[in-house]
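Student: This is what each chain is made of:
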Amino acid sequence: MFNIEEFDIKLDTEFIGRSFIYCDEVESTNSLLLSSKEFSQHGTVLLAEYQTKGRGRKGREWNSNPGQNLTFSILLKDDFKGVRINTINFGAAVAVAQSIENLYQLNVEMKWPNDILIDKRKIAGILLESSSKGNVINKIVVGIGINVNQPNFPGKFDIPPTSIRKEFHQLVSREKLLSEVLNNFEVILNLAFNAPDKILNDWRSRCKMIGEKIKIVDNDKIIFGIFEDIDQDGFLILKTAGKKEKIHFGDLNLR
Amino acid sequence: MDLNLLKKLIKMVEQSEITEFTVQEGELKVKISKNSKQPAQVHFQPAPDLSKPAVSVQAPAPQAAESKPTVVTSEQKPSKHYEIKSPIVGTFYRAPAPDADTYVQVGDIVSQGTVLCIVEAMKLMNEIECDISGKIIKILVENGTPVEYNQPLFLIEHV
Numbered sequence: 002m003f004n005i006e007e008f009d010i011k012l013d014t015e016f017i018g019r020s021f022i023y024c025d026e027v028e029s030t031n032s033l034l035l036s037s038k039e040f041s042q043h044g045t046v047l048l049a050e051y052q053t054k055g056r057g058r059k060g061r062e063w064n065s066n067p068g069q070n071l072t073f074s075i076l077l078k079d080d081f082k083g084v085r086i087n088t089i090n091f092g093a094a095v096a097v098a099q100s101i102e103n104l105y106q107l108n109v110e111m112k113w114p115n116d117i118l119i120d121k122r123k124i125a126g127i128l129l130e131s132s133s134k135g136n137v138i139n140k141i142v143v144g145i146g147i148n149v150n151q152p153n154f155p156g157k158f159d160i161p162p163t164s165i166r167k168e169f170h171q172l173v174s175r176e177k178l179l180s181e182v183l184n185n186f187e188v189i190l191n192l193a194f195n196a197p198d199k200i201l202n203d204w205r206s207r208c209k210m211i212g213e214k215i216k217i218v219d220n221d222k223i224i225f226g227i228f229e230d231i232d233q234d235g236f237l238i239l240k241t242a243g244k245k246e247k248i249h250f251g252d253l254n255l256r
Numbered sequence: 700m701d702l703n704l705l706k707k708l709i710k711m712v713e714q715s716e717i718t719e720f721t722v723q724e725g726e727l728k729v730k731i732s733k734n735s736k737q738p739a740q741v742h743f744q745p746a747p748d749l750s751k752p753a754v755s756v757q758a759p760a761p762q763a764a765e766s767k768p769t770v771v772t773s774e775q776k777p778s779k780h781y782e783i784k785s786p787i788v789g790t791f792y793r794a795p796a797p798d799a800d801t802y803v804q805v806g807d808i809v810s811q812g813t814v815l816c817i818v819e820a821m822k823l824m825n826e827i828e829c830d831i832s833g834k835i836i837k838i839l840v841e842n843g844t845p846v847e848y849n850q851p852l853f854l855i856e857h858v
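First to last, the protein sequences are chains A and B.
Numbering-wise (the working numbering), the first sequence opens with residue 2 and increments by one.
Numbering-wise (the working numbering), the second sequence opens with residue 700 and increments by one.
Since the hints were made in silico from the structure, they are not lab data.
Take these hints with a grain of salt, some might be off.
[As the list claims (entries may be wrong)] Taking lysine to aspartate or glutamate and the EDC-like style, the derived pairs with C-alpha atoms no more than 20 Å apart in a straight line are:
1. Lys54(A) to Asp798(B)
2. Lys82(A) to Glu187(A)
3. Lys82(A) to Asp830(B)
4. Lys134(A) to Asp807(B)
5. Lys82(A) to Glu847(B)
6. Lys134(A) to Glu856(B)
7. Lys222(A) to Asp798(B)
8. Lys134(A) to Asp798(B)
9. Lys222(A) to Glu819(B)
10. Lys134(A) to Glu826(B)
11. Lys38(A) to Asp830(B)
12. Lys728(B) to Glu713(B)
From a predicted model like this one, the values you see are computed outputs, not experimental measurements.
Could you put the whole structure together from the sequences, leaning on the hints where they help?
Tutor: Spelled out as structure tokens, the structure:
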């Protein structure tokens, strides 16, 4: 299945993925890392071939064929005081995008806040979960799902999915892709502490929706406007008739 | 009320045999109490006329030494009530998913580490853990509504 040796040779990090857990089946890689007392090392990566309760935002399911894709979580335990937490969120998307560009020369696009698309189809999704106590965030789990070698996606989707195999027209090495993502992510995580604006600029440069007319859907609420920019925390600045709103919720669609 | 006058009153009570002292000036009522076992407290309360807004008073720095009166400003609720605040701007959720059970309800006994809610911003789901032991006496925010940084979410009573 997953060749850990091959992955390890390509891994070029100091701490991300140095503690590595590989398992066949878990409920959710995020939940396990967030609640586990056993796995507590900063940078621990948990890769699972199958998630029985894989999920996205608002408990939406994330389904993935076993053995064909990458579903993994990265545990971060650090002092995040003064860090703009959402730059880690956007940074994870940038790390995945850079990796797909570097390895397969595909054109990757960002969809706010952290979906990764190729030709308007979703190739990867990210969900961060953290826990805070007394106003301090002390643990962050970055959950990443990448469609790698899955040939087709039966079912109905809000955003149609695609895979690297479909776009690159060949099977690719999951080991090489995972190590590339982790290598890039470690560099980006350091930027979150030292140069967070660099992450946001990298994200902006891949977002084609900035400047477009959009609508934001959140349950039964719909807001229309122009996607002006993202601010320093990654909030979407939406220009509506005569005013600007900061948005941190909902699903974004082109109008 | 003049802060200097307040300081004088505290000093006066401190040096006297008086254990409790109440003074009222207009809308503001000040109670100074002294107890050698527990640190004394000063309570500020608006006078019974509730149609007018409460007066907020900046208290001098509390003195911790035993038997010396300390000054505590209290805004309407007793000090044994503790607020859990939001560490981020986002949307407040009482359950992990729309159809799931809520994490906690009013009346629940919670301890350190109990998950109380999620605040979500841009696909960052932050679980807020309780950092004290107590009983939930009020949930201050409606499910699914936006919250600001540092906004109180729960009122917890120490037990």
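Student: Lys82(A) and Glu847(B): Cα distance at most 20 Å?
Tutor: holds (18 Å)
Student: Taking only the CA atoms, is the gap from Lys82(A) to Asp830(B) under or equal to 20 Å?
Tutor: Roughly 17 Å between the alpha carbons, so the hint for Lys82(A) and Asp830(B) holds.
Student: Does Glu819(B) sit within 20 Å of Lys222(A), going by the straight-line distance between their CA atoms?
Tutor: holds (17 Å)
Student: Are the Cα positions of Lys134(A) and Glu826(B) separated by 20 Å at most?
Tutor: holds (9 Å)
Student: Need the status of pair Lys134(A), Asp807(B): alpha-carbon distance at most 20 Å?
Tutor: Answer holds: Lys134(A) to Asp807(B) is near 18 Å, not above 20 Å.
Student: Please work out if Lys728(B) and Glu713(B) have their alpha carbons no farther apart than 20 Å.
Tutor: Holds: Lys728(B) and Glu713(B) sit about 19 Å apart, inside 20 Å.
Student: Keeping to a limit of 20 Å between CA atoms, is the pair of Lys134(A) and Glu856(B) held or broken?
Tutor: It holds: about 17 Å lies between the C-alpha atoms, which stays within 20 Å.
Student: Does Asp798(B) sit within 20 Å of Lys54(A), going by the straight-line distance between their CA atoms?
Tutor: holds (14 Å)
Student: Below or equal to 20 Å on CA atoms is what counts here, so check Lys38(A) against Asp830(B).
Tutor: Cα-Cα ~18 Å, so holds.
Student: When you check the alpha-carbon spacing of Lys222(A) and Asp798(B), does it fall within 20 Å?
Tutor: holds (19 Å)
Student: Do the alpha carbons of Lys82(A) and Glu187(A) lie within 20 Å of each other, as the hint requires?
Tutor: Holds, at roughly 19 Å.
Student: Just to be careful, I want the Cα atoms of Lys134(A) and Asp798(B) compared with a cutoff of 20 Å; is the pair within it?
Tutor: violated (25 Å)
The structure fails hint 8 only (numbered hints given earlier).
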